[in-house]
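One letter stands for each residue in the lines below.
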Amino acid sequence: MGTKVIKLVFLKELKDIFRDRKTILMSLVIPLVIFPLLFYFMGSSMDRSAKQVEDNLTVTIVDSGNSSLSQYFGGVEEVKLVESSDIRADIRTGRILAAIEIPDTFDEDILAEIPTNLVIHYDNASQSSQMAYTVLSSMIEGYSKTVVAQRLLARDISDDILTPVVIDSRTTVAEEEGFGKLMLSMLLPLMLVIFSISGPMGVAVDLGAGEKERGTLEPLLTTQTGRLSLLWGKFFAITVMGLLSTISSLIGLLISMRQSGGLFQGSAVTLEPVTIVLIGLVTLLLTMFFGALELSISIYARSFKEAQTYISPLMLVSFIPTYATYLIDAKNIDTYFFHIPLANITCLLKEFLAGIYDLSHIAITFSWIIIYIIAAVLFARYMFSKEEVIFRT
Amino acid sequence: MIEIMELSKNFKKILAVDAINFHVAKGEIVGLVGENGAGKTTTLRMLATMLKPSSGTATVAGYDIVSQSSQVRGEIGILFGGEVGLYDRLTGRENIGYFAALNGMTSAETAASIDELIGLLDMEEYIDRRVGKFSRGMKQKVAIARSIVHQPSVMFFDEPTAGLDVSATRIVQDFILHCKQEEKAIIFSSHSMSEVEKLCDRLVIIHKGEIIEDGTVSQLKAKFGNDNLEDVFVQMVGDSNGN
Ligand SMILES: Nc1ncnc2c1ncn2[C@@H]1O[C@H](COP(=O)(O)OP(=O)(O)OP(=O)(O)O)[C@@H](O)[C@H]1O
Ligand SMILES: [Mg+2]
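As they're listed, the protein sequences go chains A and B. Residue 1 is where the first sequence starts when you use this note's numbering, and the numbers rise one by one after that. Residue 1 is where the second sequence starts when you use this note's numbering, and the numbers rise one by one after that.
Some hints could be false.
What the hints assert, rightly or not - Here are the computed lysine-lysine pairs in the PhoX-like style, where the Cα-Cα straight-line distance is at most 20 angstroms: (1) A/Lys-386 / B/Lys-13; (2) B/Lys-26 / B/Lys-180; (3) B/Lys-12 / A/Lys-386; (4) B/Lys-26 / B/Lys-133; (5) A/Lys-51 / A/Lys-80; (6) B/Lys-133 / A/Lys-15; (7) B/Lys-52 / B/Lys-208; (8) A/Lys-22 / B/Lys-133; (9) A/Lys-181 / A/Lys-331; (10) B/Lys-198 / B/Lys-180; (11) A/Lys-15 / A/Lys-4; (12) B/Lys-52 / B/Lys-12; (13) B/Lys-208 / B/Lys-12; (14) B/Lys-52 / B/Lys-13; (15) B/Lys-52 / A/Lys-386.
What the hints assert, rightly or not - For each label pair, taking beta carbons as the anchor points, the in silico distance ranges come out as: (16) B/Val-166 / A/Ile-371: 56 to 62 angstroms; (17) A/Lys-331 / B/Gly-132: 54 to 60 angstroms; (18) B/Glu-210 / A/Leu-11: 43 to 49 angstroms; (19) B/Ser-167 / A/Ile-371: 53 to 59 angstroms; (20) A/Leu-284 / B/Ser-107: 29 to 35 angstroms; (21) B/Ser-107 / A/Tyr-336: 51 to 57 angstroms; (22) A/Phe-18 / B/Glu-210: 48 to 54 angstroms; (23) A/Phe-18 / B/Asp-122: 27 to 33 angstroms; (24) B/His-178 / A/Phe-18: 33 to 39 angstroms; (25) A/Phe-18 / B/Arg-170: 35 to 41 angstroms.
Rather than coming from a laboratory, the hints here were simulated on the basis of the structure. No residue lacks a Cβ here, since even glycine has one placed at the ideal position from N, Cα and C.
Based on the provided sequences and hints, a complete structural model is requested.
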């Protein structure tokens, strides 16, 4: 009878959930569209400020000596020279993006071959202004190079003398994948942990506290079925929904990475099938752990609201070890990290994404996850069997 | 059918039920009557195996509520007042069917039993619609059908008519009498003396967790020399407080 009843409870819960538009929207639809939208807007706003600088590089040049450099800038099409009486104020308000102060002695210094100082004013709190600074610096760099080339020519020396070593860099990750991989190794572990917490949450609240709030728990407990079968059926339904929610978030993430014009600029990242399977397995187990934990909390709560209040701190606490490790480099992670709850998950996922398969790290982390799951399920079982929990007043 | 022996329940410091004894025969409706907090719900929850007794025990249809709780649950049907406790997103039929299956019925048995109940309670029109939009009366009928779908031999009713209008109350009362006709053993708790008088064969008066009287309505009326059951009840409780 055991497995038959578990299946019965499981199927009933899934049917019930799939008929609930709100839950479907919250756990499947929103996760699917949130990342494409978010990254699209992030990407396009970055594009926009880059374009703004390109089209509208407003600069004030303070140069009483009318040096060759200001003439050089006058000839550069992108630079729009603007008069300003108060450069600092104009930079702050955005009327100009940057200002260059050229000393009176500029041309003399260049001729005399002594270093000359030049000041660039910009707003280091503004993205556009910073971009303008970068563009101007590289223009001045270009100008310096032409000066050097002239000096060398005058001495009859080839400018090869300046580059004794030529570097030809070859990356281990395909060039166009590099950025995507880097972002992925930072984002994905973090995201997967967050999804594993948030994915099963809505359903766990509904199947525990919701059952109490609607008054269905009492009749349910008077059926011939044991409480354990109810617990298992609910647990599997929560796991499946949590996983579906995570998968839809991942599909969303994938779409957002492929999307051109987004933050990732369509940089394609390909993962090995083994990596995908391992990452999937870790996610599944983690979802089971959080699902069981959330169900335990939910059955303790008297209402939906109470359950949500109790589960929120769980999320916050879980974020600490997750955030603490998300910037860590996948290479050379110390073994003790794999004993820290959740930090071990992030670290292992990072290694997988970097193509590192360290057997002892895998063994340690998987052992811990299994222990977490067993502990969480035992806890849920304890909660289901306690009168003080089921009939809390 | 129901034999209660020295049954007690402590909630930390509160002694909610204090060594009670009574029995209910086949086809008998016993009214469990007492003030708020007297211990009625706690008693019924123990009999339904939702709560474990602190001491003492009871047998229901021959099964012990402590050591054979699963068999006991297979023999009981409950209808508790207040929230009817249905799944809004399931249809009436699915709601009833779920509980039938949880009580170990096959799908053929379930279908036959539900069809019979649909006729009995006149639910054809809406049984395959989702419960969420049902009126209170319609929900009440589904809850009634759910409580009896697995053909239990014992029924527990805890203030089943609380908050119902006249016709919904009538439906529930008729159902209780229908259960009696089917020879089920019934425990029924209520705060309405007229309802108790109308339905019950015998009354068990519980006060602060203890049973202070056990007898038929006429026996109790004779004992206290009063023909008004409400007055009799107030007198019993008052006497008991005096002691
Ligand atoms: N889960 C619980 N935890 C702690 N105390 C409880 C619990 N359930 C009931 N009690 C206490 O036990 C006593 C008996 O309560 P019970 O609900 O059985 O009374 P009742 O006769 O059903 O009352 P009412 O007529 O109000 O429904 C009360 O003092 C109540 O506060
Ligand atoms: Mg009560």
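Quick one, are B/Lys-133 and A/Lys-15 close enough, alpha carbons at most 20 angstroms?
With a Cα-Cα distance of about 18 angstroms, the restraint between B/Lys-133 and A/Lys-15 holds, given a limit of 20 angstroms.
Does the Cβ pair B/Glu-210, A/Leu-11 satisfy 43 to 49 angstroms?
46 angstroms, holds
Could you grab the alpha-carbon distance between A/Lys-22 and B/Lys-133 and see if it respects the 20 angstroms cut-off?
17 angstroms, holds
Assessment of proposed distance window 53 to 59 angstroms (beta carbons of B/Ser-167, A/Ile-371)
For B/Ser-167 and A/Ile-371 the Cβ distance comes to about 58 angstroms; the hint holds.
A range of 54 to 60 angstroms was offered for this pair. Does it hold for the Cβ distance of A/Lys-331 and B/Gly-132?
55 angstroms, holds
Could you tell me whether the CB distance from A/Leu-284 to B/Ser-107 stays inside 29 to 35 angstroms?
32 angstroms, holds
Would the hint linking B/Lys-198 and B/Lys-180 be met if the CA-CA limit is 20 angstroms?
13 angstroms, holds
Checking one constraint from the list: CA of B/Lys-52 to CA of B/Lys-12, max 20 angstroms. Satisfied?
13 angstroms, holds
Run the distance test for A/Lys-51 versus A/Lys-80: straight-line Cα separation, threshold 20 angstroms.
Answer holds: A/Lys-51 to A/Lys-80 is near 14 angstroms, not above 20 angstroms.
Taking only the CA atoms, is the gap from A/Lys-386 to B/Lys-13 under or equal to 20 angstroms?
17 angstroms, holds
Taking only the CA atoms, is the gap from A/Lys-181 to A/Lys-331 under or equal to 20 angstroms?
Status holds; Cα separation ~14 angstroms.
Kindly confirm whether 48 to 54 angstroms is satisfied by the beta carbon distance between A/Phe-18 and B/Glu-210.
Given about 50 angstroms between the Cβ atoms, the range holds.
Checked against the numbered hints listed earlier, the structure breaks hint 4 alone; every other hint is satisfied.
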